[in-house]
Amino acid sequence: MKKTAAMGLAVLAALLAGGLLAPKWLLFLVTMSAANGLVSLGIVLMMRGGVVSFGQGLVFAAGGYAAALVSNKLGVSDALLLAAAGGGAAVLLAAPFAPLLARYRGIFFAMLTLALSMVLYGVLMKSESLGGSDGFNMRRPTLLGFSIPDAWSGYALYALVVTIAVLLSTAARVYFDSARGLVALAIRENELRVEYLGASVRRVMALDFVLAAFLGGVGGALAVMALGHIEPQFSYWTTSGEFVFVSILAGHHSVAAVFAASLVLELVRSFSSAYFPNTWQLALGLFLLIVIRFLPKGLGSLFNRFSRQAAP
Amino acid sequence: MTVLSARGLCKHFDGVVAADQVTIEVAAGERVGLIGSNGAGKTTFVNMITGYLKPDEGRIELQGRDITPLGPRQIERLGVARSFQIPQLFPELSVLDNMLAADACAQGGLSAWQPARDAARRARAEAGLDRFSLREHAARRVAELAGGVRKLLDIAVALTRAPSVLLLDEPTSGVSVEEKFPVMETVMGALDRARTTVLFVEHDMEIVQRYASRVVAFYSGRVLADGAPAAVLADAEVRRHVTGAEA
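Read top to bottom, the protein sequences are chains A and B. Read left to right, the first sequence gives residues 200 to 511 (this note's numbering). Read left to right, the second sequence gives residues 12 to 258 (this note's numbering).
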């Protein structure tokens with residue numbers, strides 16, 4: 200655990216230092232990919248247990264709307280509190296469904312989660328008090344009681360988002376390497392044996408769903424702080440699809456790979472939409488096909504291969 | 012002392028009788044061989060004891076406690092473990108990780124922060140592998156193992172919680188002729204050291220004769236004979252319906 204924490208701190212220091220040198224457009228891309236990467240990290244957490252959620256837009260939107268509403272309606276402006284509110288709201292929304300969803304696998308789990316996210320999308324579209332299809336804007340947050348000057352707003356938000364992302368990623372790594380994390384991998388392989396070893400498969404799956412909701416909610420809150428605007432699109436199925444895309448691209452072996460894959464998505468989207476505005480999804484699809492063909496276990500397997508080669 | 016008691020167990024599947032008034036009492040330390048042709052009700056009996064199937068009628072007790080309504084997880088926690096005809100392992104994990112996952116389940120609580128591979132857990136897992144001479148395979152993926160090694164690992168995994176009763180479903184099926192006796196020697200040696208009561212389903216009468224202290228013969232869901240191996244295997248009905256050798 201100490202090694203994981205030390206590595207997390209080293210990565211964070213490098214990211215914070217690198218951010219001082221990076222151009223604004225790149226800071227924004229990394230900020231968004233880190234926020235979105237948290238949602239995909241939640242999917243990866245569930246993938247390790249053998250299920251894929253096609254509806255993480257549900258918790259992404261819940262976190263985003265919660266942060267924006269707490270800011271606009273309650274006057275809470277601190278970014279850390281807003282991120283916590285986003286995570287908390289997503290957990291509150293997801294937890295009642297966790298025992299039900301823990302009973303399903305494969306396409307049934309995927310479709311149920313998709314259905315829940317689309318129900319929320321429908322509700323948000325019809326809610327005039329929440330801005331309907333247009334959504335609403337959110338004020339710029341403060342940080343630890345200080346308002347952020349314009350010149351530093353991009354970097355401050357970047358620093359906040361990567362700090363939270365690194366902390367939660369470190370926690371996720373600790374979780375993946377824990378006894379519970381190993382049993383989740385075992386569940387993916389053989390649920391029957393896990394039950395015959397005396398562990399509750401449903402309990403593990405339900406908790407993973409709730410933890411993934413927290414990650415998604417925090418990701419939604421951070422994304423809405425970066426964008427300054429929230430809309431029902433956060434819960435739409437194509438948004439959920441992008442999170443799944445990143446998770447498949449990353450694979451379930453490496454936490455860092457999730458954020459690398461999320462950054463790849465943001466870069467491909469940005470450059471493709473600039474140079475091929477009508478066909479950028481084609482470039483994205485081709486990229487995914489290449490990864491699936493040559494790295495079927497995702498970018499994470501590449502990371503693991505390098506780390507094994509580097510080991511004495 | 013009776014460890015396991017099954018009384019009057021009945022089970023039907025769409026009119027097919029899988030168990031018909033099956034009554035078996037097992038004393039501590041016994042090695043009970045369960046024999047019978049395919050469909051005789053042996054695996055149904057094992058599945059009822061381990062909670063995978065609920066009997067339509069009858070009662071199952073473990074050390075005097077009624078376990079009939081309990082599921083596999085609760086029954087395992089009370090000390091009844093099983094292995095499977097087709098080993099039920101985690102094929103993409105290493106042999107050591109299979110043992111570590113079993114150890115994590117056995118320890119209970121499933122900590123979300125304590126490392127699954129810390130020194131204490133690793134030592135327990137390796138000791139479990141040593142009992143079955145599996146240490147040399149520790150780093151290999153289960154999917155790469157030979158049939159006999161998988162069988163041993165399946166049993167090693169089942170023994171992680173040190174159960175009082177272990178049910179082995181065809182421990183030598185899928186194991187080569189050369190491997191079957193070494194596999195059984197290893198298994199029975201480990202079980203003797205652990206003082207585990209054993210019930211094993213087996214089709215190979217050589218194995219039954221050599222390793223069972225008692226034999227229960229099943230036929231059409233009923234117990235056809237129950238007693239010492241020599242007596243049961245010499246029984247005319249058993250020879251006709253189970254072993255296929257006419258008297």
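Possibly wrong hints are sitting among the right ones.
As the list claims (entries may be wrong) - To give an idea of the interface, some chain A residues facing chain B are shown, with a C-beta separation under 7 Å as derived from the structure: (1) V210; (2) V373; (3) S377; (4) A378; (5) L381; (6) V382; (7) E388; (8) E390; (9) L396; (10) G397; (11) F444; (12) A482; (13) F486.
Stated by the list, open to error - What follows is a set of in silico ranges between Cβ atoms, one per label pair, in the way DEER data are often shown: (14) B:G120 - A:K202: 22 to 30 Å; (15) B:G120 - A:W224: 43 to 51 Å; (16) B:A39 - A:R401: 30 to 38 Å; (17) A:A294 - B:D25: 37 to 45 Å; (18) A:D333 - B:G82: 50 to 58 Å.
In short, the hints are calculated from the structure, not lab data. All residues carry an ideal CB built from backbone N, CA and C; glycine is no exception.
Hints and how they fare:
1. For A:V210, the interface hint is violated, the least distance from its beta-carbon to any beta-carbon of chain B being 20 Å, above 7 Å.
2. With 7 Å as the threshold, the beta carbon of A:V373 comes within range of chain B, its nearest partner Cβ sitting at about 6 Å, so the hint holds.
3. Against a cut-off of 7 Å between C-beta atoms, the interface hint on A:S377 holds, since the closest Cβ of chain B lies about 5 Å away.
4. Checking A:A378 against chain B by beta carbon gives a least distance of about 4 Å; that is within 7 Å, so the hint holds.
5. Because the smallest distance between the Cβ of A:L381 and any Cβ of chain B comes to about 4 Å, under 7 Å, the interface hint for this residue holds.
6. With a cut of 7 Å, the hint placing A:V382 at the interface with chain B holds, because the nearest CB-to-CB distance is about 5 Å.
7. Below 7 Å, beta-carbon pairs count as interface contacts, and A:E388 has one with chain B at about 4 Å; its hint therefore holds.
8. Against a cut-off of 7 Å between C-beta atoms, the interface hint on A:E390 is violated, since the closest Cβ of chain B lies about 10 Å away.
9. Among the interface hints, the one on A:L396 holds; its C-beta lies about 4 Å from the nearest C-beta in chain B, closer than the 7 Å criterion.
10. For A:G397, the shortest C-beta to C-beta distance to chain B is roughly 4 Å, which falls under 7 Å, so the interface hint holds.
11. Below 7 Å, beta-carbon pairs count as interface contacts, and A:F444 has none with chain B, the closest being about 23 Å; its hint is therefore violated.
12. Annotation: A:A482 was flagged as interfacial toward chain B, and the flag is violated, the nearest CB pair being 32 Å apart, outside 7 Å.
13. Restraint check, A:F486 versus chain B: the minimum CB separation of about 26 Å is more than 7 Å; hint violated.
14. The hinted window of 22 to 30 Å between B:G120 and A:K202 holds, with their beta carbons roughly 24 Å apart.
15. Evaluation of the 43 to 51 Å hint for B:G120 and A:W224 yields a pass: the beta carbon distance comes to about 48 Å.
16. At about 34 Å, the beta-carbon gap between B:A39 and A:R401 stays in the expected band of 30 to 38 Å.
17. Restraint check, A:A294 to B:D25: a C-beta distance of roughly 40 Å satisfies the suggested window 37 to 45 Å.
18. Here the CB-CB span from A:D333 to B:G82 is close to 51 Å, well matched to the stated 50 to 58 Å.
Checked against the numbered hints listed earlier, the structure breaks hints 1, 8, 11, 12, 13; every other hint is satisfied.
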